[in-house]
Amino acid sequence: MVNTLPALVIIVPLLAALVVAAAGFINKRACFPIAVGALSVSFLGAAALLVRVVNTGVAIEYRFAGWAAPMGIVYVIDHLSALVLVVITAVALVNLVSSKQTIDREFKDKEGAFLSLYVLFTAGLIGMTATGDAFNLYVLLEIASLSGYALIGLGKTRAPLATLNYLFLGTIGATFYLLGVGYLYIATGSLNMADLAAILPGMQNSGIVLFAFIIMLSGLFVKMALFPVHGWLPGAYSQSSSAAAGLIAPLTTKVTVYIMVRICLNLFSVDYTFHHLNAGDILVWVAIATIVFGSLSALAQTDYKKMLTYIIIAEVGYMVGGFFLGNRMGMSGAILHIVNDAVMTLCLFMAAGIFLWKTGTEERGDLKGLFGSMPFTMAGFVLAGLSIIGVPPTCGFFSKWYLVSGGIAAGQYAFVAALIFSSLINAVLFFRLFEISYFEPFADHHHGSDKSAGHGGAGAVIREAPMAMLVPFLFVSIMLLVLGIYSGRIVTNIIHFAIPAGVI
Amino acid sequence: MDFLTVLISRANYWAYIILMMIGLYAMIAKNNLVKKIVGMSIFQTAVILFYVSIGAKQGATIPILLHGHAPETGGNLAHAATGHGTAAVQAVNYINPLPHVLMLTAIVVGVATLGVALALAIKVYKEYGTLEENEINQRLRRG
Amino acid sequence: MKLIGKLTIFLCGTLLIVFANKFPDFGDPHSPAATHLSPYFIEHTMADTSVPNIVTSVLADYRGYDTMFETTVILAAGLACFFLLRLPEEEEKEIYFRHVPTGVTIRIEECGAAPEDSEVFQRIDSQWVPCDIIIRSTSRLLIPFIQIFALYVVAHGHHSPGGGFQGGVVLGAAVILFAISHNLRTTVAKIGEKSAAIMSAAGVFIYAGTGALCLVLGESFLNYGALAPILGTDRVMARSHGILIVEIGVALAVMSVMIWIYYNLSSAGKQDEGL
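Residue numbers (the working numbering), protein chains in the order written: chain C, 1 to 504; chain S, 1 to 143; chain F, 1 to 275.
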């Protein structure tokens, strides 16, 4: 049973997606429980894998169709992929549970298709994380992308246009990755990552391998929306429906960053990436540009969902920059930030979903008086905001701490400065939101304008979001604290083993 | 190696690069969304051409074993007679099947992407009544 | 935009051309691609799977896991087109009828008062063209042959170029030909959207379910050898039969997804009139 877990983690959601797709045309009520059940099984499986990998310290290999590594396709679950698997399944599950009502309201008669695509998207990400085959990764990347386009495409009025742009850039990114795999294949004749990692050190001076490295990474940079090629992200995410945004915004960029980490560390090796090519310096500067650009653009937005999308871009810069610092501190920070940022972004987008559900708009000004009417939601929102800013003891502080220490150790003071600058901007952004939602009704009072119902102040009626949305949201915001408290353990027990021993 | 030999012996790579650049240019610079989608298709096809051309081998035939074993010539007959028909199969005689398999996947992915792109284009057309990007942008600016 | 486009093309093109200089020549039998992994497939396909078409054996067995997701990609595209485009059916604003004896076209705005589609009153598309007897009869004649050829392509994938994807596309094309030569409503009446959707999910389910069955029987996912006791053959032949089973699933899925996508794309989600 334990040996088949790596297969079950992805097969159960896949089979469930097929059943849900058919059930959408037969019995719509069955769809939601099946989807939740499948994602729960997947989450439990991922958690069991993580426990097993941490306890034994050995990577688990699963051979599909019974063929050994270079011939067939294998899944490799090591510390890094097990950690990311748990994050993916947990985020997908929690967001699905919380968005039952939104799905029913926004996608009437199409719940089956929505849920099926939702589960397929999750399955694609799980597969991308677990796979040990460079080409299989491309296929799963396309599954995740295609279902992602569909999920985003049915949103607000501008969604189709924004999604079409995303599709063009996403296809360029995926095709570049595929081309890189082709270059590696032409140079080595293999597609398996472990096999490639064994062959590549012997041909470090090959131009083909260099170009494969360049083009694979550029493809992934497009997919993760790094600075010059970020254009698709804000439009696509801010136009999507809240159920889809809560799934896609926290996961897509982080999983792509994970793929980048995996390719640089396990496919091309640390030696090639950092010593032979010395790719770190340039890419840290690209990351700095991303952070500064993302933060400044976020400052210019009045629509808070759009503001969140620019924060996501800045956070991508944190992770890429931290990883390419090339020391253990920086890489630990980057990997820890994959986990933390997924949870923080989920929390913020769930909050955005609740606000949209309650107020009907996404303008910053319409948050007025929410502290009065929704005290629990706002408590969670404040926690998420503090975490994005990086206030201890929330988890955002700890990953930033590792990133800053890594930056100082590597002597990249510009990166440290960009991190601090971005934190300050985040503070400005979120305190402005807190101010609007806490104080604005009082301002009304001074001007003597009419007292509408649902206004803050002593007599305000508490009208919280529905329990099905509120409970998962509060759970996620408490997770921000829990992750913060346990981040030391996560680093020493899991991330420490995920980074090759050669990195100091 | 002089220029002409390089040009001819690697014609497959030049062909794929030219196709790929045509597709990429259409995706970046064209104004019409359907032309962009066509460009995307060309772009993906270029990679398919690249992969399939990797599989080629001089003097080899298609990767299907006739009657389950190698053509019966001279030395191979002995193996075939002993019942080990498969032992006679020489990899040199058959082109590389792996790129073909991979590209079957890539073709399917290309078709799927094309379908979704066209569906989105239909939605855009319904929304704005045009597929020209500059006209859509004008309409967006006017509110 | 044009300038950026040209610059990008120039940069990418130069890079690609520079690095392509390092490639092995076209058709070089000593290139790594031809010597590292692929000889194993060519030399062992008969012993391992008993399938002479090496592409089929690699596609559905050695890398069968990839192919399962490839089929899933197709299903995802079908679902995506449905999800993005499909409109609720009652949004029909106006329909057109033709009074056959007089040749008068009637436009009806209140659909509740519409007459039945009969010999006298014929439901037509908004842009009506007289029905072409030659096209209709020819395609009626052709379709059965196309379908039989498609079944041959599916079943003969073990020994000749072909297999589930190719056969499935041809099967789907036969139905689409019917839809183009007649009209979309007739086709939807014969193969409804619901059955197309359920068949496409079922096709992928045959593939993934076969894999899961192997898992249940105690071997790794998609290891068709585990099916030997059920199929009553030895392990090598069981692989060959397993490949046939999944190819049938692929053909079913591809056919129905092609039809499903055509329904939604050609009518922009209304499914009342197509091309």
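Treat the hints with care, as some may be off.
What the hints assert, rightly or not - A short, non-exhaustive set of chain S residues, derived as facing chain C with CB atoms under 7 Å:
(1) Val34
(2) Ile48
(3) Leu102
(4) Ala112
(5) Leu114
(6) Val116
(7) Ala117
Said to hold, decoys possible - Straight-line distance between alpha carbons at most 30 Å, and here's what the computed BS3-like set of lysine-lysine pairs gives:
(8) C:Lys358 - S:Lys35
(9) S:Lys126 - F:Lys194
(10) S:Lys126 - F:Lys2
(11) C:Lys306 - C:Lys108
(12) C:Lys156 - S:Lys30
(13) C:Lys108 - C:Lys28
(14) F:Lys22 - S:Lys35
(15) C:Lys28 - S:Lys35
(16) C:Lys156 - F:Lys270
(17) S:Lys126 - C:Lys156
(18) S:Lys30 - F:Lys194
(19) S:Lys35 - F:Lys190
(20) F:Lys190 - C:Lys28
(21) F:Lys270 - S:Lys35
(22) F:Lys22 - S:Lys126
(23) C:Lys306 - F:Lys22
(24) S:Lys30 - C:Lys100
(25) F:Lys190 - S:Lys30
(26) S:Lys30 - C:Lys28
(27) F:Lys22 - F:Lys6
(28) F:Lys194 - C:Lys100
(29) F:Lys2 - C:Lys108
(30) F:Lys194 - C:Lys28
(31) C:Lys108 - S:Lys30
Stated by the list, open to error - Rough simulated footprint, nothing fancy, chain C against chain F, three-plus residues with beta-carbon under 8 Å:
(32) 32-45
(33) 160-166
Since the hints were made in silico from the structure, they are not lab data. Even for Gly, the Cβ is constructed at its ideal location relative to N, Cα and C.
Status of each hint after checking the structure:
1. With its C-beta approaching chain C no nearer than about 11 Å, Val34 of chain S sits outside the 7 Å limit, and its interface hint is violated.
2. Interface hint at Ile48 of chain S: violated, since its Cβ lies 9 Å from the closest Cβ of chain C, which is beyond the 7 Å cut-off.
3. Hint status for Leu102 of chain S: holds, given a least beta-carbon distance of 6 Å to chain C, under 7 Å.
4. Interface hint status for Ala112 of chain S: upheld, as the beta-carbon distance to the closest one in chain C is roughly 6 Å, under 7 Å.
5. Because the closest C-beta pair between Leu114 of chain S and chain C is about 10 Å apart, greater than 7 Å, the hint is violated.
6. Annotation: Val116 of chain S was flagged as interfacial toward chain C, and the flag holds, the nearest CB pair being 5 Å apart, inside 7 Å.
7. Given the 7 Å rule on beta carbons, the hint for Ala117 of chain S holds: about 6 Å separates it from the nearest Cβ of chain C.
8. For the hint pairing Lys358 of chain C with Lys35 of chain S, the CA-to-CA distance comes to about 41 Å; that exceeds 30 Å, so the pair is violated.
9. For a cut-off of 30 Å, the pair hint linking Lys126 of chain S to Lys194 of chain F stands: about 25 Å separates their Cα positions.
10. Restraint check: the Cα-Cα separation between Lys126 of chain S and Lys2 of chain F comes to about 27 Å, which is no more than 30 Å; the hinted pair holds.
11. Only pairs whose Cα atoms come within 30 Å are accepted, and Lys306 of chain C paired with Lys108 of chain C is accepted, the gap being roughly 26 Å.
12. A threshold of 30 Å between alpha carbons decides the hint, and for Lys156 of chain C with Lys30 of chain S the separation of about 26 Å falls inside it, so the pair holds.
13. Only pairs whose Cα atoms come within 30 Å are accepted, and Lys108 of chain C paired with Lys28 of chain C is accepted, the gap being roughly 10 Å.
14. With a C-alpha separation of about 33 Å, the suggested pair Lys22 of chain F and Lys35 of chain S falls outside the 30 Å cut-off, and the hint is violated.
15. For the given pair, Lys28 of chain C sits about 38 Å from Lys35 of chain S by alpha-carbon distance, which is inconsistent with the 30 Å threshold.
16. Straight-line distance between C-alpha atoms of Lys156 of chain C and Lys270 of chain F comes to about 20 Å, which keeps the hinted pair within the 30 Å bound.
17. Restraint check for Lys126 of chain S and Lys156 of chain C: satisfied, since their Cα atoms lie roughly 14 Å apart, inside the 30 Å limit.
18. Our distance criterion of 30 Å between C-alpha atoms is broken by Lys30 of chain S and Lys194 of chain F, whose separation comes to about 38 Å.
19. Straight-line distance between C-alpha atoms of Lys35 of chain S and Lys190 of chain F comes to about 35 Å, which puts the hinted pair past the 30 Å bound.
20. A distance of roughly 24 Å separates the Cα atoms of Lys190 of chain F and Lys28 of chain C; the hinted pair therefore holds under the 30 Å criterion.
21. For the given pair, Lys270 of chain F sits about 25 Å from Lys35 of chain S by alpha-carbon distance, which is consistent with the 30 Å threshold.
22. For the proposed pair Lys22 of chain F and Lys126 of chain S, the alpha carbon gap of about 49 Å is over 30 Å, so the pair is violated.
23. Restraint check for Lys306 of chain C and Lys22 of chain F: not satisfied, since their Cα atoms lie roughly 45 Å apart, outside the 30 Å limit.
24. For the proposed pair Lys30 of chain S and Lys100 of chain C, the alpha carbon gap of about 41 Å is over 30 Å, so the pair is violated.
25. With a C-alpha separation of about 41 Å, the suggested pair Lys190 of chain F and Lys30 of chain S falls outside the 30 Å cut-off, and the hint is violated.
26. Between Lys30 of chain S and Lys28 of chain C, the direct Cα distance comes to roughly 42 Å. Violation of the 30 Å bound is thereby established for this hinted pair.
27. As the CA atoms of Lys22 of chain F and Lys6 of chain F are separated by approximately 25 Å, the hinted pair is consistent with the 30 Å bound.
28. Of the supplied pair hints, the one linking Lys194 of chain F and Lys100 of chain C holds, its CA atoms being roughly 24 Å apart against a limit of 30 Å.
29. The straight-line distance between the Cα atoms of Lys2 of chain F and Lys108 of chain C is roughly 42 Å, outside the 30 Å bound, and the hint therefore fails.
30. For the proposed pair Lys194 of chain F and Lys28 of chain C, the alpha carbon gap of about 13 Å is at most 30 Å, so the pair holds.
31. Note on Lys108 of chain C and Lys30 of chain S: the hinted pairing is violated, with a Cα-Cα distance of about 36 Å set against a maximum of 30 Å.
32. Counting residues of the stretch 32-45 of chain F whose CB falls under 8 Å from any CB of chain C gives 9; the rule of at least 3 is met.
33. Residue count for the stretch 160-166 of chain F with a Cβ under 8 Å from a Cβ of chain C: 0. That is fewer than the three needed, and the coverage hint is violated.
In this structure, the hints that do not hold are numbers 1, 2, 5, 8, 14, 15, 18, 19, 22, 23, 24, 25, 26, 29, 31, 33, in rising order.
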